[in-house]
Amino acid sequence: MKPALILLGLIVLIALLGPFALDWRYDAIDWDAVRADPFTPGHMMGTDSVGRDLLARTLAGTRVTLGVAAAAALVSLVIGVAWGAIAGWCGGRIDEAMMRVVDALYALPFMFVVILLMVVFGRSILLVFLGIGAVEWLTMARVVRGQMLALRERPFITAAEAAGTPPAAIVIRHMLPNLAGVAIAYLLLTVPQVVMIESFLSFLGLGVQEPMTSLGILLKDGADDMDIAPHAMLLPAAVLVTLLLCLTRIGERLRDRFTQ
Amino acid sequence: MHDLIRRRLFTALPTLAVVVILSFLLMRLAPGGPFDGERPLDPKTREALMSAYGLDLPLHEQIGRYVWRLAHGDFGPSLVYRDFTVTDLIARGLPVSLTLGALALLLALLLGLSAGMAAAVRPGGRTDHGLMLVATLLTALPSFVVGPLLALLFGLWAGWLPVSGWGDGAPSYLVLPVIALALPAAGAIAKLARAGLAQVLAQDHVRMARARGLGWPRILIVHALRPALVPVASFLGPAAAGLLTGAVVIETVFALPGLGRYFVQGALNRDYPLVLGVVTLYAALIILFNLLADLAYGWLDPRVRG
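Those protein sequence lines, which keep their order, are chains H and B. Our numbering puts the first sequence at residues 1 to 260. Our numbering puts the second sequence at residues 1 to 306.
It should be emphasised that the hints constitute simulated quantities derived from the structure, not laboratory data. Just so you know, not all the hints are guaranteed correct.
Chain B regions said to be covered by chain H (calculated; three or more residues, Cβ under 8 Å) [stated by the list, open to error]:
hint	region
1	104-110
2	137-146
3	150-156
4	242-250
Estimated spans, in silico, between C-beta atoms of each pair [as the list claims (entries may be wrong)]:
hint	chain 1	residue 1	chain 2	residue 2	range
5	B	G159	H	N178	44 to 52 Å
6	B	D42	H	H231	34 to 42 Å
7	H	R173	B	G124	39 to 47 Å
8	H	A168	B	A48	29 to 37 Å
9	B	Q265	H	R173	48 to 56 Å
10	B	Q203	H	A180	37 to 45 Å
11	H	V34	B	L156	18 to 26 Å
12	B	W299	H	D27	42 to 50 Å
13	B	W299	H	V50	32 to 40 Å
14	H	H231	B	L288	53 to 61 Å
15	H	D27	B	L41	56 to 64 Å
16	B	A296	H	N178	56 to 64 Å
17	H	A168	B	E61	41 to 49 Å
Everything numeric in this text was worked out from a predicted model, so none of it was measured. Yeah, the Cβ is synthetic: ideal placement off N, Cα and C, and Gly gets one too.
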């Protein structure tokens with residue numbers, strides 16, 4: 001897990017601080033260096049077909065992708081924990097009905113639902129992560145509910161009930177803190193999923209819009225241009241794959257630690 | 001078994017109905033109508049258009065008409081491809097997408113199962129570690145990375161295969177798209193098959209077969225494969241959904257005239273009937289696949305037939 005954490009930290013750090021060390025902004029056009037090769041002075045990784053610095057664009061794209069991923073994962077955390085906690089706490093019929101809804105939603109073709117949302121409500125970045133978060137909370141809800149059911153049987157909850165603690169206080173003060181570990185592990189596992197969905201949408205032109213950029217857009221631009229400038233695709237592809245592998249590794253290790 | 005099918009159909013049809021109705025309502029919620037152009041239309045023309053397309057009816061009647069036509073294979077007119085109905089477009093795209101998807105699924109099963117078997121024979125061995133590392137990598141690589149990379153390596157640099165177009169179904173045009181689509185699924189199948197096989201191979205009937213002096217190929221294929229396929233079968237439903245979404249990207253990357261490309265074009269152009277039609281079809285395909293996966297499950301594991 002350590003190498004993955006270090007690598008992830010490095011990518012985040014470079015994406016955040018890198019722009020201060022570069023001469024060009026991600027949307028600035030250098031008319032004197034359109035389609036520059038890598039290692040030209042001023043453009044370490046070259047420029048794209050309209051003369052924008054590729055390194056600056058890749059860093060900006062990484063920031064946007066990670067930002068959207070973090071925000072969408074948080075949306076999914078809030079919905080998932082609330083849904084799972086209510087179902088797990090209430091139990092009985094309510095629990096059954098709420099979990100039926102989750103099962104039914106699992107069967108839907110999600111990517112298409114998100115695309116449908118993008119078509120109907122236009123392509124704003126806010127909607128990108130709201131939409132992704134709104135479809136990625138199902139696993140979180142299941143996990144949280146399972147944990148709630150297990151926790152309810154524990155003696156300290158019975159003790160709190162016997163002492164007359166109101167149910168809301170039991171859930172918030174005694175149960176949620178005990179859920180935190182598992183919830184964080186699944187939150188981290190949601191992040192690579194969201195990164196994938198966001199890049200997928202942006203790749204198709206349905207996600208983040210120009211002049212903003214994201215790893216998906218850079219991949220698409222690079223793929224369109226790859227016969228002349230393959231590095232324009234390879235750089236964002238390498239960053240994206242490294243991010244996905246690191247995030248998955250960290251999430252899986254945390255999950256294994258908290259669900260023994 | 002018949003009971004299982006009946007039960008599954010019982011939940012499949014309502015799910016499909018919910019998908020259709022929800023997507024229909026979403027489309028009607030969208031701001032702007034199909035006839036909002038640069039200039040406001042003459043009210044009379046507008047009224048005539050609205051009634052020609054049935055848009056002046058109450059919402060529940062519109063949905064009723066849409067579902068009724070769907071049941072007869074009529075997906076309505078496309079708003080962007082003026083000379084085509086959505087049914088025409090689907091009839092053109094579906095064969096391409098089905099060929100692509102079916103070949104990719106076959107390849108994924110073939111690669112995944114052989115890798116899983118090779119890895120499971122000696123758990124913890126060097127082959128096992130190597131293959132599982134590759135499988136993990138493949139599952140982590142999204143299709144929109146694998147596709148362009150393959151096109152770059154084997155299409156542009158090596159020059160072995162064409163990277164764009166359909167070539168009227170010539171096999172060479174399909175090689176790269178099928179591989180790009182199959183690889184992520186192959187990785188997942190390899191992992192599942194290995195896990196399933198490792199469990200089965202540790203059981204007594206396999207030790208018995210070993211003791212009787214049977215060779216590994218025979219043990220793997222005759223004695224161990226069927227029970228070990230259960231987790232693979234349950235993955236087929238999600239795999240179908242994954243292949244469909246992957247196909248959208250792969251068709252865009254390799255410029256194949258499939259359903260996925262019409263879908264993306266429809267989404268970019270706000271061609272509501274086209275998007276609605278393709279989503280409905282996708283949902284039906286995924287539900288059908290889940291049904292098939294359940295049947296395969298019942299065939300592999302007699303305990304669930306009930």
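Verification of the hints:
With a threshold of 8 Å between beta carbons, the proposed coverage of the region 104-110 of chain B by chain H is violated, since 0 of its residues qualify and at least three are required. Judged by the Cβ-Cβ criterion of 8 Å, the region 137-146 of chain B is covered by chain H as claimed, because 6 of its residues qualify and three suffice. As drawn, the region 150-156 of chain B meets chain H at 3 residues by the rule of a beta-carbon pair under 8 Å; at three or more, the given contact holds. Closer than 8 Å: that is the beta-carbon criterion, and the region 242-250 of chain B has 4 residues meeting it against chain H, so the requirement of 3 holds.
Between G159(B) and N178(H) the beta carbons are some 60 Å apart, a value that contradicts the proposed interval 44 to 52 Å. Take D42(B) and H231(H): their Cβ atoms lie about 55 Å apart, and the range 34 to 42 Å is violated. At roughly 45 Å, the beta carbons of R173(H) and G124(B) sit within the given window of 39 to 47 Å. At about 59 Å, the beta-carbon gap between A168(H) and A48(B) misses the expected band of 29 to 37 Å.
Between Q265(B) and R173(H), the C-beta spacing of about 53 Å keeps the proposed range 48 to 56 Å intact. Distance hint check: the CB atoms of Q203(B) and A180(H) are about 39 Å apart, consistent with the given range 37 to 45 Å. The hinted window of 18 to 26 Å between V34(H) and L156(B) holds, with their beta carbons roughly 21 Å apart. In this structure the supplied range 42 to 50 Å is violated for W299(B) paired with D27(H), their Cβ-Cβ distance being about 57 Å.
One distance hint, 32 to 40 Å for the beta-carbon pair W299(B) and V50(H), is violated here, with the actual separation near 56 Å. Taken as a hint, the range 53 to 61 Å is violated for the pair H231(H) and L288(B), whose Cβ atoms sit roughly 43 Å apart. Take D27(H) and L41(B): their Cβ atoms lie about 39 Å apart, and the range 56 to 64 Å is violated. Take A296(B) and N178(H): their Cβ atoms lie about 40 Å apart, and the range 56 to 64 Å is violated.
The beta-carbon spacing between A168(H) and E61(B), approximately 46 Å, falls within the hinted interval of 41 to 49 Å.
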